[in-house]
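Going line by line, the protein sequences match chains A and B. Anchor point for the first sequence: position 35 equals 34 in numbering that gives the first Met the number 0, and the numbering is continuous, going up by one each time. Anchor point for the second sequence: position 105 equals 104 in numbering that gives the first Met the number 0, and the numbering is continuous, going up by one each time.
These are computed hints drawn from the structure, not numbers from a lab. Just so you know, these numbers come straight off a predicted model, no measurement behind them. There could be a bad hint or two in this list.
[Said to hold, decoys possible] Listed next, the in silico EDC-like pairs over lysine to aspartate or glutamate satisfying Cα-Cα at most 16 Å (straight line):
(1) B:K32 <-> A:D35
(2) A:K33 <-> B:E99
(3) A:K33 <-> B:E502
(4) A:K130 <-> B:E651
(5) B:K10 <-> B:E660
(6) B:K349 <-> B:E502
(7) B:K647 <-> A:E127
(8) A:K130 <-> B:D648
(9) B:K32 <-> A:D119
(10) B:K39 <-> A:D131
(11) B:K530 <-> B:E548
(12) A:K158 <-> A:D119
(13) B:K521 <-> B:E548
(14) B:K647 <-> A:D131
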Amino acid sequence: MGPGAVAITLTINGKPMKVSVEPRETLLDVMRNKLDLTGAKRVCDRGTCGACSVLVNGKVMYGCTILAIDAQGKQITTIEGFALSGGRPHPVVQAFVNNDAQQCGYCTPGFVVAAKAFLDANPNPTYEQVKDGLGGNLCRCGTYVGVRQAVLEAAKAMKGGRNA
Amino acid sequence: MPEYRWPEMSKRKVMGKRLSRLDGVEKASGRAKYCSDLNKPGMLHGATLVCPYAHARVKSIDTSEAEKHPGVKGVRVVAPAGTEIQWAHWEVAFVAAETELAARDALKKIKVEYEVLPHVVHEADLKKVQSRAKAAGEQIEGDPDQALKEAAAVSEGFYGIPVLEHSCLEPHGNVVSWTPDNKVELNPSTQAVTSIRGDMARAVNVPAANVHVHQDHIGGGFGSKFQPDRWGVEAAHLSKAAGGRPVKLFLERNVEQVIAGCRPSAFARIKLAANKDGKITLWESQSWATGGFTGGGSPPIPYVYTRIPNQRKNHSAVSTNTAPIRAWRAPNHQQASYLTCAAMEDLAAKMKMDPLELFLKNVDLTARADTYERQLKKAAEMAEWKKLWHPRGDAGRGPLKRGLGIGVNTWGGAGHDSTARCNIHPDGTVEVELGSQDLGTGTRTVIAQVAAESLGLGVNDIRVKIGDTNYPPSGTSGGSTTVGGVSSSTRKATLNALEKLFEEVAPALGAPATELEAADGKIQVKGNPAKSLSWKAACAKLGVKTISETGQNIPRDAPKEGLNTGGVGGVQIADVTVDVETGIVRMNRIVAVQDCGTVINPKTAESQICGAIIMSICGALMEERIMDAITGRMLNNEMEFYKLAGIKDIGEILIHLEIDEANDKRGVIGLGEPPAIGGIAAIANAVANAIGVRVPVVPMTPMNVLNALSGRMS
Numbered sequence: 000m001g002p003g004a005v006a007i008t009l010t011i012n013g014k015p016m017k018v019s020v021e022p023r024e025t026l027l028d029v030m031r032n033k034l035d036l037t038g039a040k041r042v043c044d045r046g047t048c049g050a051c052s053v054l055v056n057g058k059v060m061y062g063c064t065i066l067a068i069d070a071q072g073k074q075i076t077t078i079e080g081f082a083l084s085g086g087r088p089h090p091v092v093q094a095f096v097n098n099d100a101q102q103c104g105y106c107t108p109g110f111v112v113a114a115k116a117f118l119d120a121n122p123n124p125t126y127e128q129v130k131d132g133l134g135g136n137l138c139r140c141g142t143y144v145g146v147r148q149a150v151l152e153a154a155k156a157m158k159g160g161r162n163a
Numbered sequence: 000m001p002e003y004r005w006p007e008m009s010k011r012k013v014m015g016k017r018l019s020r021l022d023g024v025e026k027a028s029g030r031a032k033y034c035s036d037l038n039k040p041g042m043l044h045g046a047t048l049v050c051p052y053a054h055a056r057v058k059s060i061d062t063s064e065a066e067k068h069p070g071v072k073g074v075r076v077v078a079p080a081g082t083e084i085q086w087a088h089w090e091v092a093f094v095a096a097e098t099e100l101a102a103r104d105a106l107k108k109i110k111v112e113y114e115v116l117p118h119v120v121h122e123a124d125l126k127k128v129q130s131r132a133k134a135a136g137e138q139i140e141g142d143p144d145q146a147l148k149e150a151a152a153v154s155e156g157f158y159g160i161p162v163l164e165h166s167c168l169e170p171h172g173n174v175v176s177w178t179p180d181n182k183v184e185l186n187p188s189t190q191a192v193t194s195i196r197g198d199m200a201r202a203v204n205v206p207a208a209n210v211h212v213h214q215d216h217i218g219g220g221f222g223s224k225f226q227p228d229r230w231g232v233e234a235a236h237l238s239k240a241a242g243g244r245p246v247k248l249f250l251e252r253n254v255e256q257v258i259a260g261c262r263p264s265a266f267a268r269i270k271l272a273a274n275k276d277g278k279i280t281l282w283e284s285q286s287w288a289t290g291g292f293t294g295g296g297s298p299p300i301p302y303v304y305t306r307i308p309n310q311r312k313n314h315s316a317v318s319t320n321t322a323p324i325r326a327w328r329a330p331n332h333q334q335a336s337y338l339t340c341a342a343m344e345d346l347a348a349k350m351k352m353d354p355l356e357l358f359l360k361n362v363d364l365t366a367r368a369d370t371y372e373r374q375l376k377k378a379a380e381m382a383e384w385k386k387l388w389h390p391r392g393d394a395g396r397g398p399l400k401r402g403l404g405i406g407v408n409t410w411g412g413a414g415h416d417s418t419a420r421c422n423i424h425p426d427g428t429v430e431v432e433l434g435s436q437d438l439g440t441g442t443r444t445v446i447a448q449v450a451a452e453s454l455g456l457g458v459n460d461i462r463v464k465i466g467d468t469n470y471p472p473s474g475t476s477g478g479s480t481t482v483g484g485v486s487s488s489t490r491k492a493t494l495n496a497l498e499k500l501f502e503e504v505a506p507a508l509g510a511p512a513t514e515l516e517a518a519d520g521k522i523q524v525k526g527n528p529a530k531s532l533s534w535k536a537a538c539a540k541l542g543v544k545t546i547s548e549t550g551q552n553i554p555r556d557a558p559k560e561g562l563n564t565g566g567v568g569g570v571q572i573a574d575v576t577v578d579v580e581t582g583i584v585r586m587n588r589i590v591a592v593q594d595c596g597t598v599i600n601p602k603t604a605e606s607q608i609c610g611a612i613i614m615s616i617c618g619a620l621m622e623e624r625i626m627d628a629i630t631g632r633m634l635n636n637e638m639e640f641y642k643l644a645g646i647k648d649i650g651e652i653l654i655h656l657e658i659d660e661a662n663d664k665r666g667v668i669g670l671g672e673p674p675a676i677g678g679i680a681a682i683a684n685a686v687a688n689a690i691g692v693r694v695p696v697v698p699m700t701p702m703n704v705l706n707a708l709s710g711r712m713s
């Protein structure tokens with residue numbers, strides 16, 4: 000396959016999306032440049048900061064470390080796929096707002112994706128577990144205090160079947 | 000003229016409330032569009048070619064192959080043959096192409112020949128860079144020689160704090176189009192929506208009226224994003240060459256980390272002396288710093304304790320072949336705070352004195368003795384100083400050593416020049432418009448709170464519109480001047496508009512306009528809520544007319560009006576544990592006591608303090624620009640080895656914001672910078688207290704800590 004552009008289909012937020020990509024293009028760049036899915040941000044572009052976090056088959060991964068062609072046949076969920084439903088914020092989003100777990104907000108969608116994946120796997124986390132679970136994301140404004148509180152609050156809010 | 004003063008604290012209904020930021024859901028849900036997120040129809044992608052050498056002359060440059068590369072729509076050379084390049088990653092050429100990949104591929108086809116010249120990229124050893132150092136001249140106060148003779152105790156030390164990189168998560172850049180009708184549409188990542196318009200207009204030589212700027216959100220600035228920069232201007236030229244198609248050009252991370260923001264370094268040999276009572280009598284310093292090739296960077300020392308009676312100061316600016324500095328959240332203050340507070344801690348240790356006592360005993364050497372005395376005592380109480388502090392090095396047995404340390408801050412923070420416009424429409428909707436920007440500090444939210452307070456409405460009744468040059472001019476977001484400026488102009492604009500509304504509805508309420516007030520969503524006769532109209536009904540009296548009134552904050556008049564002022568102090572105490580076997584420093588806690596004026600939103604205000612402290616933790620323990628002496632290049636120009644703190648690294652943060660009647664009467668004061676100053680000093684002093692020796696050079700990485708412990712200079 001390649002080196003020129005090839006047509007592939009990606010399944011993003013439950014929808015098949017046809018797109019022409021070069022084999023060397025990352026999932027992140029394809030989403031941002033070709034599919035106008037810009038909630039995932041390109042910050043380090045080297046698998047360090049987590050600003051491009053997406054869910055691949057339910058597991059949190061960095062969009063900059065996956066080639067788009069390798070993402071074929073996988074269920075990709077982006078922040079756009081779950082953050083709002085019918086205009087209502089997901090409990091993790093709401094908890095980030097309530098606890099002011101964001102400033103400039105550029106890292107925030109990545110944190111929200113990582114927090115959702117973390118809570119899906121650990122519905123009753125301790126404070127210490129929250130710190131470990133969100134260790135893969137960086138924030139330059141310094142919003143970690145709010146993030147810790149937000150994830151604990153979201154864990155509470157998501158009990159009772161609201162874990163969408 | 001309306002009474003603009005803030006309502007009394009006890010009577011406020013919206014200001015002072017812990018409201019969540021109004022754009023919170025938009026941002027946290029990924030819906031917010033930053034300029035780097037824009038995908039415009041017909042948009043081209045730009046890429047930047049930079050020079051790999053720290054000092055070189057361009058011998059030749061050939062772009063012909065790049066121009067022929069499929070998809071390329073333009074190539075601009077900014078370092079033609081003959082250009083002397085003075086730092087690595089200096090911009091050489093820009094390319095615009097149909098896709099990002101095509102633009103990057105084309106860069107590789109540009110052939111540049113360089114004559115490589117000798118460079119200097121390290122300034123830590125002043126002796127080695129004397130030829131690049133420019134002395135500012137000796138400054139003397141009092142009689143330092145006599146003070147030294149009479150001193151009961153003298154401490155001497157060497158201290159250094161490195162160049163840092165701003166590391167904004169959204170890189171510098173813009174989307175820009177320059178169309179054949181000579182109009183420029185600019186979507187930058189900027190801290191200066193209003194002024195970047197004129198800067199761009201001058202750079203591309205079009206009338207300012209032809210430039211329109213729009214930015215909804217900015218992904219971090221910290222002082223580094225005021226100008227259109229070379230890449231912005233070249234992107235405009237590339238757009239023009241492509242017939243006006245928009246060009247998106249944001250720096251790649253490996254370039255961003257090198258040339259889009261540096262905090263100057265500071266190094267100093269400091270001698271501090273005191274009399275037997277612990278009163279500081281002498282400051283002597285030989286300091287130097289680099290601000291890149293053009294020099295610059297001069298910390299205001301001694302810091303806060305400025306009134307030391309006898310002083311001798313010599314400072315040199317060292318020119319290195321490194322990228323120029325940009326303003327950094329509280330320019331030069333972190334360095335000054337570190338140099339001063341570290342020297343004071345070392346003097347206290349030398350005198351076997353509790354440093355808290357030394358900081359307290361000398362508060363009369365500051366411009367705010369009462370403030371610092373109160374804050375030092377409060378911070379000590381919150382940090383459990385009495386229980387946890389121990390004499391230097393006396394941290395008990397075992398490899399884990401705990402220590403406490405103090406850092407202090409001061410800042411201005413009065414409001415900038417700002418004009419707001421308030422539109423009240425006949426259907427009752429209210430717009431507040433300013434050519435300002437929300438750096439993530441919560442500017443939109445505080446504007447809405449002020450407007451709602453002034454109009455007797457709720458925040459959701461106010462449409463705040465910022466980030467566009469179609470709105471009235473507002474100052475740049477630098478120096479913590481935004482909140483004072485926009486809150487004051489919003490206050491005046493909304494009250495001016497309300498006064499017009501009163502005139503319109505006075506006949507219907509059968510009372511003169513001067514007897515009306517706005518409260519709880521109504522316009523009513525003062526003291527007689529029964530005689531009222533709902534906000535909507537009152538606005539309906541406007542018929543087809545929209546009220547549109549402005550209000551301006553003029554910095555020189557602001558102190559008289561009392562809406563905003565400047566001048567604050569703060570104290571931070573750090574509590575750390577150091578593993579003396581590994582050199583790893585762990586944060587237990589930082590306490591921040593911060594002076595402030597009128598606080599419009601305590602929730603977002605506390606977020607500023609938390610963020611400022613976390614930035615200090617990064618600066619104290621992790622961040623540094625590492626330059627390679629041989630190649631002259633930055634070695635850690637990415638985010639794996641340019642270390643920032645993660646969520647596990649910060650310990651606990653305890654905040655005490657001094658919100659009270661006395662402070663409130665001072666009006667609004669900016670809060671973004673002051674709490675970002677003292678943390679590095681506090682952590683450095685806590686480490687010294689824990690391990691018994693000074694780690695002279697920040698950051699206190701395991702290597703620097705272990706070197707200090709083993710007596711090696713780091």
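Pair hint outcome, B:K32 versus A:D35 [Cα-Cα no greater than 16 Å]: holds, 11 Å
Distance restraint between B:K10 and B:E660, which requires alpha-carbon spacing of 16 Å or less: Between B:K10 and B:E660 the Cα gap is close to 12 Å, so the pair holds against 16 Å.
Restraint check for B:K521 with B:E548, where alpha carbons must lie at most 16 Å apart: Violated: B:K521 and B:E548 sit about 20 Å apart, past 16 Å.
Pair hint outcome, A:K130 versus B:D648 [Cα-Cα no greater than 16 Å]: Cα-Cα ~9 Å, so holds.
Holds or violated: B:K647 to A:E127, with C-alpha atoms at most 16 Å apart: Judged against 16 Å, a Cα distance of about 9 Å means the pair holds.
16 Å limit on alpha-carbon distance, applied to hinted pair B:K349 and B:E502: violated, 71 Å
Hint consistency between A:K158 and A:D119 [alpha-carbon to alpha-carbon, up to 16 Å]: At roughly 11 Å apart (the allowed maximum being 16 Å), A:D119 and A:K158 satisfy the hint.
Hinted pair A:K33 and B:E502, Cα distance within 16 Å: violated, 54 Å
Agreement of B:K647 and A:D131 with the hint, judged by alpha carbon distance not exceeding 16 Å: Between B:K647 and A:D131 the Cα gap is close to 7 Å, so the pair holds against 16 Å.
Hinted pair B:K530 and B:E548, Cα distance within 16 Å: violated, 26 Å
Pair hint outcome, B:K39 versus A:D131 [Cα-Cα no greater than 16 Å]: violated, 39 Å
Distance restraint between A:K33 and B:E99, which requires alpha-carbon spacing of 16 Å or less: This hinted pair holds, its Cα atoms lying about 11 Å apart.
Checked against the numbered hints given earlier, this structure breaks hints 3, 6, 9, 10, 11 and 13; the rest are met.
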